[in-house]
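Protein chains in written order, with our numbering: chain A, 8 to 141; chain B, 8 to 141.
In case anyone wonders, no lab produced these hints; they're calculated from the structure.
Being a predicted model, the structure only gives us computed values, none of them experimental.
Please note that the accuracy of each hint is not assured.
Repeated chains share a single entry, so a pair holds when one copy, or any two copies, can fit it.
[As the list claims (entries may be wrong)] Only pairs whose alpha carbons sit at most 35 Å apart, straight line, appear in this in silico DSBU-like list of lysine-lysine: (1) Lys103 to Lys24; (2) Lys74 to Lys13; (3) Lys29 to Lys104.
Residue-level listing of the chains:
2 protein chains.
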Amino acid sequence: MDENEKLGILAIGHGSKLPYNKEVVIDIANRIAERHEDVVVKAGFMEKNEPTVEEALQSFEGTGVSKIAAVPVFLASGVHITQDIPEILGLDPETKKGRIKLNGSEISIVYGNPLGSDELLAELVYNRACEALD
Amino acid sequence: MDENEKLGILAIGHGSKLPYNKEVVIDIANRIAERHEDVVVKAGFMEKNEPTVEEALQSFEGTGVSKIAAVPVFLASGVHITQDIPEILGLDPETKKGRIKLNGSEISIVYGNPLGSDELLAELVYNRACEALD
Chain A
8 MDENEKLGIL AIGHGSKLPY NKEVVIDIAN RIAERHEDVV VKAGFMEKNE PTVEEALQSF
68 EGTGVSKIAA VPVFLASGVH ITQDIPEILG LDPETKKGRI KLNGSEISIV YGNPLGSDEL
128 LAELVYNRAC EALD
Chain B
8 MDENEKLGIL AIGHGSKLPY NKEVVIDIAN RIAERHEDVV VKAGFMEKNE PTVEEALQSF
68 EGTGVSKIAA VPVFLASGVH ITQDIPEILG LDPETKKGRI KLNGSEISIV YGNPLGSDEL
128 LAELVYNRAC EALD
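Hey, can you work out the whole structure from these sequences and the hints?
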């Protein structure tokens, strides 16, 4: 990121009729915002919860972000990741990049990978095992 | 854990007709095993993939584990976490603890929380956003 740019992160949850998915995604968004005060972080949901992805995108209006990274807070890939969410975000199906109008100017959206496999997740699962032993 | 005990971790995935969930859960299990050589790590799936949770549990036979922590590799809670998986594991519905026969002796199973909200997940989502900007 250029020093003159301001990053927005859109954490996208699946959404659920139960409260847990929303709680986790909102809490993750809040934690990112606390850790990175220079970043504007929003959460939005693909289905069943609000704000919707579209509403969350629009809520970057007025925040001054110059670029948005949309990250699906999903464990693994699947049709929601490869098709549904890119469609909602209006991304190019090939490049998975797009543009959105905010405050009358166009800013770019990039699309992140889902959580997937990562050392951080391995550490978290190990921690959950150790907590259960206590 | 007592020094004489040997821990087994069972990473439980939802399972999917697509390969991604299985790949992520297996890879997380492998990463834990690499990081913690004293722990026996297995992966098992609730549905659609093998090994099943039951098969994975039985595969601890002969490994010498004295306790198993079963951890659902799910983002958030829900009926699979609170009911389906505890039933498959034969856990007490209240305490979420159980016992299993391996090598003719009974060892205890404890049940971990799903990933849920955690600083490690917030860090991972932030990393996914930064990767997308590159």
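The hints, checked one at a time:
1. Lys103 to Lys24: Intra 28 Å, inter 24 Å, cutoff 35 Å: intra and inter.
2. Lys74 to Lys13: within (7 Å within a copy, 49 Å between copies)
3. Lys29 to Lys104: Both, since 25 Å and 28 Å are each at most 35 Å.
The structure shown violates none of the earlier numbered hints.
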